[in-house]
Amino acid sequence: MDTKKWTDTYGVSFEQIETGVILCGVAKDSPLRGTSLQDYEIPEGVTEIGEHAFEGCNGLNSILIPSSVTKIGSCAFCGCEFLLSTINVVPEEFKKNEDLAADYSLSFIIPKSVKEIGDWAFKGCKVLNSVIIYPPTYRIGEHAFESCTALKSVTFVVSGFPIENYGLQIEDYAFYNCSLKKVVLPSMSTKIKEHSFDKNVAVTQEWKDTDNVFFVQDEKGITLVKAPFSLEFDEYGGIPFDESIDEYEIPEGVTRIEYDAFRNCENLTKVVIPDSVKEIGEYAFSGCISLSSISIPHLVTEIKECVFGNCEALENVIIPNSVKTIACYAFCDCKALSSVTIPESVKEIGEKAFWGCNLKSVTLPKTTEIEEDSFDEGVEIIRV
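Residues -6 to 377 (this note's numbering) are what the sequence shown spells out, left to right.
Hints are computed from structural coordinates only; laboratory data are not their basis. Yeah, the Cβ is synthetic: ideal placement off N, Cα and C, and Gly gets one too. Some clues are possibly wrong.
[Unchecked claim] Pairwise CB distance ranges, derived in the manner of DEER restraints:
hint : residue 1 : residue 2 : range
1    : GLU337    : LYS108    : 55 to 61 Å
2    : VAL265    : SER315    : 16 to 22 Å
3    : LYS353    : LYS175    : 50 to 56 Å
4    : PRO221    : LEU99     : 30 to 36 Å
5    : ILE311    : THR197    : 30 to 36 Å
[Said to hold, decoys possible] Here are the simulated DMTMM-like cross-link-like pairs (lysine to aspartate or glutamate), alpha carbons at most 25 Å apart as the crow flies:
hint : residue 1 : residue 2
6    : LYS105    : GLU48
7    : LYS105    : ASP22
8    : LYS64     : GLU11
9    : LYS213    : GLU109
10   : LYS186    : ASP204
11   : LYS21     : GLU8
12   : LYS317    : GLU295
13   : LYS340    : ASP369
14   : LYS213    : GLU245
15   : LYS201    : GLU164
16   : LYS64     : GLU109
17   : LYS213    : GLU164
18   : LYS345    : GLU298
19   : LYS328    : GLU295
20   : LYS317    : GLU364
Sequences are here, hints too, so could you generate the full structure?
Structure representation (structure tokens):
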């Protein structure tokens, strides 16, 4: 570069400053503003796409954004009505799947180098239908993709990036008036505003904690979905869980423990369930053969099917007054369970709920209905 300002053959102007190279704008007679659709490659070394740089370039169909770019300025592509995609090199892991490869090649991909997408950056890009955003993008500005009416998919890629550090901020109206139905945000630390998305868009957040336990948050609350697992298959074809976890404290604020969440965590000896939990899914702790005690939160109203089935070491369980139903097989084959207190709130105990336990007798409220085989034969039922 001999000068600090220059223009290329497309009429695109650049300026070099102390902090890098800014792509400043496009000349009025540029083919990128014409009626014939064009592809354009931003040269390597450009660090910022300036404010209003490509605004109204209706001849721009696809663009290559180099890895040197760290910022996309306000209104940079605003009103580029025929901007569809970036010029993409499909990753090797996508090439194995033709559908994924096709989707990737037709997507607008924000490079991993970009830290900020400015206000109104892509507003009114009417044919843009898929956007892929990589970390460490930390801010998506106000109205950034507003009125991208064909936009049906926004994907946040976090593979290989420490998800708990992804502090993304999505400003008001960033994805307003698009065609999105569902968006999965990449981290608990992602912050959105009241009007970041249209009201009918289902927004969920997904993350893993430091123990690799997987969580999802939506309008219903926070769900603990799955404990960590190995990629190797066991002899039965199932996926064995991480043997390194022997104690785990579920974070306060979790409202639901998903079906199968800790199933067959054989080394798990202790788990603390916070008072915020309202629901524990079927088989959630089934097969946790080292789990010795459990306290069920007072907001739980049902102990579901086989939740603690085959917890062979379980000796003590506290059932709160909130529980109304103990479902079938709930504590089946808890061989060490020698005593249990059933509160007056329990109205129904399902078949084989306490089958295969070490109970000699059990005291039940007079109003509690049980099946013939809710308990083992020979267990003394005392009604009070």
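Status of the hints after comparison with the structure:
1. At about 59 Å, the beta-carbon gap between GLU337 and LYS108 stays in the expected band of 55 to 61 Å.
2. Judged by the Cβ atoms, the range 16 to 22 Å given for VAL265 and SER315 holds: they are separated by roughly 18 Å.
3. For LYS353 paired with LYS175, a C-beta distance near 53 Å keeps the hint of 50 to 56 Å intact.
4. Restraint check, PRO221 to LEU99: a C-beta distance of roughly 35 Å satisfies the suggested window 30 to 36 Å.
5. Take ILE311 and THR197: their Cβ atoms lie about 32 Å apart, and the range 30 to 36 Å holds.
6. A threshold of 25 Å between alpha carbons decides the hint, and for LYS105 with GLU48 the separation of about 23 Å falls inside it, so the pair holds.
7. This hinted pair does not check out: LYS105 and ASP22 have alpha carbons roughly 32 Å apart, beyond 25 Å.
8. A hinted pair counts as satisfied when its Cα atoms are at most 25 Å apart, and LYS64 with GLU11 qualifies at roughly 15 Å.
9. As the CA atoms of LYS213 and GLU109 are separated by approximately 31 Å, the hinted pair breaks the 25 Å bound.
10. Pair hint LYS186 plus ASP204 does not hold up; C-alpha atoms about 29 Å apart against a cutoff of 25 Å.
11. For the proposed pair LYS21 and GLU8, the alpha carbon gap of about 18 Å is at most 25 Å, so the pair holds.
12. About 6 Å separates the Cα atoms of LYS317 and GLU295, which keeps this hinted pair within 25 Å; it holds.
13. Our distance criterion of 25 Å between C-alpha atoms is met by LYS340 and ASP369, whose separation comes to about 19 Å.
14. Proposed proximity of LYS213 and GLU245 is supported: the alpha carbons are some 15 Å apart, at most 25 Å.
15. Proposed proximity of LYS201 and GLU164 is supported: the alpha carbons are some 24 Å apart, at most 25 Å.
16. Taking the CA atoms of LYS64 and GLU109, the gap is about 5 Å. The hint holds against a cut of 25 Å.
17. Proximity of LYS213 to GLU164 is assessed by CA-CA distance (about 23 Å); at most 25 Å being required, the pair is judged to hold.
18. Pair hint LYS345 plus GLU298 holds up; C-alpha atoms about 10 Å apart against a cutoff of 25 Å.
19. Restraint check for LYS328 and GLU295: satisfied, since their Cα atoms lie roughly 22 Å apart, inside the 25 Å limit.
20. The suggested pairing of LYS317 with GLU364 holds, with an alpha-carbon distance near 15 Å, which does not exceed 25 Å.
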